[in-house]
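Student: Given chain A's structure and the hints, the job is docking chain L onto it.
There are 2 protein chains.
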Amino acid sequence: MIQNMVEMDQVWSEHKALLSEVEAEIRKALRSEVELVNKVAQYIIDSGGKRIRPLLLIISAHLCDGIDKSFINMGGSIVEFIHTATLLHDDVIDNAEIRRGISPARVLWGNQASILVGDYLYTLALSLTVKIDKVEINTLLADTCLRMAEGEMLQLNHNNDLNLSEKTYLQIIEYKTASLISTSCLFGAIIADAPDAEKEALKAYGKNIGMAFQVADDTLDYMADNDRLGKSLGEDLKEGKITLPLIHLLRNCKDSERIWIEKLIGSEHFFPADLKKMIDLMTAYGSTRYALKYAQDFSDTAKKDLASFTDSRHRQSLFAIADYVVQRDH
Amino acid sequence: MIQNMVEMDQVWSEHKALLSEVEAEIRKALRSEVELVNKVAQYIIDSGGKRIRPLLLIISAHLCDGIDKSFINMGGSIVEFIHTATLLHDDVIDNAEIRRGISPARVLWGNQASILVGDYLYTLALSLTVKIDKVEINTLLADTCLRMAEGEMLQLNHNNDLNLSEKTYLQIIEYKTASLISTSCLFGAIIADAPDAEKEALKAYGKNIGMAFQVADDTLDYMADNDRLGKSLGEDLKEGKITLPLIHLLRNCKDSERIWIEKLIGSEHFFPADLKKMIDLMTAYGSTRYALKYAQDFSDTAKKDLASFTDSRHRQSLFAIADYVVQRDH
Numbered sequence: 000m001i002q003n004m005v006e007m008d009q010v011w012s013e014h015k016a017l018l019s020e021v022e023a024e025i026r027k028a029l030r031s032e033v034e035l036v037n038k039v040a041q042y043i044i045d046s047g048g049k050r051i052r053p054l055l056l057i058i059s060a061h062l063c064d065g066i067d068k069s070f071i072n073m074g075g076s077i078v079e080f081i082h083t084a085t086l087l088h089d090d091v092i093d094n095a096e097i098r099r100g101i102s103p104a105r106v107l108w109g110n111q112a113s114i115l116v117g118d119y120l121y122t123l124a125l126s127l128t129v130k131i132d133k134v135e136i137n138t139l140l141a142d143t144c145l146r147m148a149e150g151e152m153l154q155l156n157h158n159n160d161l162n163l164s165e166k167t168y169l170q171i172i173e174y175k176t177a178s179l180i181s182t183s184c185l186f187g188a189i190i191a192d193a194p195d196a197e198k199e200a201l202k203a204y205g206k207n208i209g210m211a212f213q214v215a216d217d218t219l220d221y222m223a224d225n226d227r228l229g230k231s232l233g234e235d236l237k238e239g240k241i242t243l244p245l246i247h248l249l250r251n252c253k254d255s256e257r258i259w260i261e262k263l264i265g266s267e268h269f270f271p272a273d274l275k276k277m278i279d280l281m282t283a284y285g286s287t288r289y290a291l292k293y294a295q296d297f298s299d300t301a302k303k304d305l306a307s308f309t310d311s312r313h314r315q316s317l318f319a320i321a322d323y324v325v326q327r328d329h
Numbered sequence: 000m001i002q003n004m005v006e007m008d009q010v011w012s013e014h015k016a017l018l019s020e021v022e023a024e025i026r027k028a029l030r031s032e033v034e035l036v037n038k039v040a041q042y043i044i045d046s047g048g049k050r051i052r053p054l055l056l057i058i059s060a061h062l063c064d065g066i067d068k069s070f071i072n073m074g075g076s077i078v079e080f081i082h083t084a085t086l087l088h089d090d091v092i093d094n095a096e097i098r099r100g101i102s103p104a105r106v107l108w109g110n111q112a113s114i115l116v117g118d119y120l121y122t123l124a125l126s127l128t129v130k131i132d133k134v135e136i137n138t139l140l141a142d143t144c145l146r147m148a149e150g151e152m153l154q155l156n157h158n159n160d161l162n163l164s165e166k167t168y169l170q171i172i173e174y175k176t177a178s179l180i181s182t183s184c185l186f187g188a189i190i191a192d193a194p195d196a197e198k199e200a201l202k203a204y205g206k207n208i209g210m211a212f213q214v215a216d217d218t219l220d221y222m223a224d225n226d227r228l229g230k231s232l233g234e235d236l237k238e239g240k241i242t243l244p245l246i247h248l249l250r251n252c253k254d255s256e257r258i259w260i261e262k263l264i265g266s267e268h269f270f271p272a273d274l275k276k277m278i279d280l281m282t283a284y285g286s287t288r289y290a291l292k293y294a295q296d297f298s299d300t301a302k303k304d305l306a307s308f309t310d311s312r313h314r315q316s317l318f319a320i321a322d323y324v325v326q327r328d329h
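Taken in sequence, the protein lines are chains A and L.
So in numbering that gives the first Met the number 0, spot 51 of the first sequence is number 50, and the numbers just go up one at a time.
So in numbering that gives the first Met the number 0, spot 269 of the second sequence is number 268, and the numbers just go up one at a time.
Where hints are given, some of them may not hold.
Note that the list lumps identical chains together, so a pair holds whenever it fits in one copy or between two copies.
[As the list claims (entries may be wrong)] Under the rule of at most 25 Å between Cα atoms (straight-line distance), these lysine-lysine pairs were calculated in the DSS-like manner:
id : residue 1 : residue 2
1  : LYS262    : LYS237
2  : LYS292    : LYS38
3  : LYS202    : LYS130
4  : LYS276    : LYS262
5  : LYS166    : LYS38
In short, the hints are calculated from the structure, not lab data.
Chain A on its own, in the form it takes in the complex (with noise of 0.2 Å):
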């Protein structure tokens, strides 16, 4: 494993000037003559946690040595608007009663506004695009919104499917999440006019650590310690969505625990027993510890895509990111 020198909280605070740009570019941008849009709009925005995917973009055109302020700040907020768009319709989807603590758009104006507002959030990210007047970056935009709602119609169809392979789930995970993360680095260096090597290396690295966000982000969903108590867990179980510890755990367990999983994920009955016979069968088998490593895994790929560029604080900045996505709680 690369050892990084720089800490996650400093990589924030560098670049917080340009992020607070970005944060004004995403408040200009939402002017709709309909203020029901725009407060909606403005309301996931605010709650749509950290600005990681701007962040990457800003650095990655730094580490291509290509800062064209308003392209950055027009980049950070097209990925942001994209991000937020997924947001509402998954709150939807998900039927979800909370987001990070607080209610999701859906539950305050109803799932009908969440669909619209994410209709025009998407449109507008796209809308920005075409500003922007470069086919490379219209086609990039246009391709990664296609291949996120394919994922995300790819897990539909695979929900509650004990049979779901860990082939599909990484094109699930894939599609859904690293494709976006993994543009955001590639936009950042198209602004920065990098060479094709550079904007190879960027996207691999993007799509690496959007797969360790997400196989993480799924593992969490398992582990009840310390730093996590008081969250939720096992939301994705009680949504039927088959994860890579799970889909270990349904290929190493014995028939009779593969039929009590059978029974609880088509359940709409789920106690904290359940979840807690779970969590320790994943413990026992050696689940938890396989997804964490298969993390890890692509956490490190992630650092060796960005190999050939020379050291700098930026490509210390980007394994910093390389890190905290498998470490904590996003």
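Tutor: Chain L only, in chain A's frame:
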């Protein structure tokens, strides 16, 4: 009223060959790796009704003397993809149980699949747009999608709002319906490299037939004539959508009648006798007549928008469409 020399049936059959090519283009573009995406998308496209938007694009391009077949095919599929994406999302938003006499996608595959395939089709449309590689078209299509989402949000915001003004109602239908129809015509003119004056004329024509179409459609929802026997009526009322005939009625009826309407709109229970009473009131106060006249005026204005074009078969076809949108169920 300008008399048209061409019948609508003739218009359809004259452009049958080009419409088939658009159909082929649609099928060609629907090639997701995720089979379920293609399946749901094809279902909604097959049940999307006639291809009035591609037809308008084709005739508009012809009228401006510019028939680049590949662009027409692509343009036709783009406007149809956007239209079907909105159908998918609208059905979820309206909780629709039936559309054009068959089950909507949401009943067959669920709301989740409908939302995601809607997202997919929106993005597919914009990704095809990118391939045309004309900023004017990219901007037009992205702006149109923004407008449509805004129109739907505005409508949602005024659900069950008995004080909805005629002005806001007109804004809602312009955004949610007329904008894409107007864009289909303008798109044809752009493909044909038409001068600005012709573009403006076709854009205005498209907007006005779009308005005529929606006002007529909203009015037909309260008209139980022989042609519409067995069709469901009063759908808008059930969904809390306040449309032009109702706005007119509310402005003219007695206080006691307004109170009765107020109760009816808020209520879950809705009997045929209630609908009959509503229709009788609309007849008594001339609300149906008022709304139909409104639709006819839009249709007449649309024809006048084409005054600068010399008389031709294609202009007559557009006149026939202007008549068609107000005359019957679509």
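Student: All the hints need checking, so say for each whether the structure fits it.
Tutor: Structure-based check of each hint:
no.: 1; hint: LYS262 / LYS237; verdict: within (12 Å within a copy, 40 Å between copies)
no.: 2; hint: LYS292 / LYS38; verdict: neither (42 Å within a copy, 37 Å between copies)
no.: 3; hint: LYS202 / LYS130; verdict: both (23 Å within a copy, 22 Å between copies)
no.: 4; hint: LYS276 / LYS262; verdict: within (14 Å within a copy, 52 Å between copies)
no.: 5; hint: LYS166 / LYS38; verdict: between (40 Å within a copy, 23 Å between copies)
Hint compliance for this structure: hint 2 is the single one not met.
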